[in-house]
Amino acid sequence: MSIFSSKNFKLLTGPLNLQNPVTVQILGICSALAVTVKLKPAIVMGISVTVVTAVSNLVISWMRNYIPPRIRIIVQLVVVATMVILVDQFLRAFVYDVSKQLSVYVGLIITNCIIMGRLEAYAMGNKPWPSFLDGLGNGAGYSMILIAVGFFRELLGSGTLLGYHVIPQSFYNAGYSNNGMMIMPTMALVLVGVIIWIQRSFNKELIEKE
Amino acid sequence: MKNFSNTYIFIFSVVMVVVIALLLSLAAMQLKPFQDKNIEVEKKQNILASIRIKSTPDNAVDLYAKYITDSYVLNNKGEKKDGDAFTVDMKNEISKPAEDRSLPVFVGTLDDGSQAYVVPLRGKGLWGPIWGYMSFQPDMNTIYGTVFDHQGETPGLGAEIATEWFQQPFLGKQIFEDSVQFVSVKVLKGGAPKDSKHAVDAISGGTITSKALEAMLDSCLVQYKTYFLQSRH
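Sequence order for the protein chains is A and B.
Residues 584 to 793 in the working numbering are what the first sequence lists, from first letter to last.
Residues 843 to 1075 in the working numbering are what the second sequence lists, from first letter to last.
Treat the hints as calculated values from the structure; they're not laboratory data.
The beta carbon of each residue, even a glycine, is placed where N, CA and C say it ideally should be.
Mixed in with the good hints, there may be bad ones.
Claimed, not checked - Here chain A is said to cover these stretches of chain B; the calculated rule only asks that three of the stretch's residues, wherever they fall, bring their Cβ under 8 Å from a Cβ of chain A:
#1 857–870
#2 875–882
#3 1055–1064
Chain A with its partners taken away, still in its complex shape:
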């Protein structure tokens, strides 16, 4: 089996649409609400979650035949927590400003349901390389939604993108004002709902049959 066979390729692309962890499996919603007020933390969070999901999938998959099933959840937690602490320590030592951007969210990665979900559902029963790809794919699917939500919340809520003003002053002079609702977590949920709506109207197979 080549490293990018069609089956492996599906592992990467599936989570972007039909298997999306956020909009189809409704996992990781909590952090989608918390970090999407601004675009930048959403991007950095997306990257960090992708790294942690991919690497912990890889590690758990290597160990899968030696992990006693009765303590597997604890083993998974230990691996994820170790990864997160290492990522945090490295960020602090070498990219201090990024680490400051992320602050508490690095710790929050541990609680992200997607990571444990992929370990339990995929890495425990599959070989390391496909598991790694599965982690990358799911991380990317998660990041995609986070970035989309962050984009609209920052644009409509603060009139900026990545901190730069993009809505011209003339709009404000003409009576336009930033939507304060967008800053509240509620609107993140509404936006995720809208994305799910759009996605389902393009992919009829996602709609549940009565």
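Guided by the hints, dock chain B onto chain A, whose structure is given.
This is chain B only, laid out in the frame that chain A set:
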């Protein structure tokens, strides 16, 4: 699924924990010098920012040596005491009783030869600590510059205390009413009156952090009250 004996599970857990503990402590020890260096540079950058000198992580150490010409530690009666101002950890100091605290002062000499007096601030925000530095003109009353930072305030709301638009209005505000009565600077929800000398606007949606910042200013600056009143010129 294979069946594992209890002994195997015990040994597996012990080995896993030991390996991971080793790995993590090794990483922590190896990375500590880099992290400490980052923190020191950041502190220097913050002190420089409070006297309105812009710096990058690369030139902060040099600029600090150039502009910060003196520093000392005070007690809350305004008397100098022993100690290195730079290494005083405000986190420990604010938990001590007022009379035991070490209060650092950094003296910055600006390009035009005038001086600015920098004091550190620290308090509790909504989610974690908030801190900053505030510098005063030689009248020890008018704010020359300020910088605030936080550990984990809500992005877009409380975290705005670290941004330019929030800090800018502090410049020129005064902490003494009629030069004698200590009033600190208030952070007002709904906006400060335009001509107010002792108040700035709070952050919409960030009321708790705004109030926390106001409390931090009050509790930290009041410690220096005696010193400020004695040494104004």
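Cross-check of the supplied hints:
no.	hint	verdict
1	857–870	holds (count 7)
2	875–882	holds (count 3)
3	1055–1064	violated (count 0)
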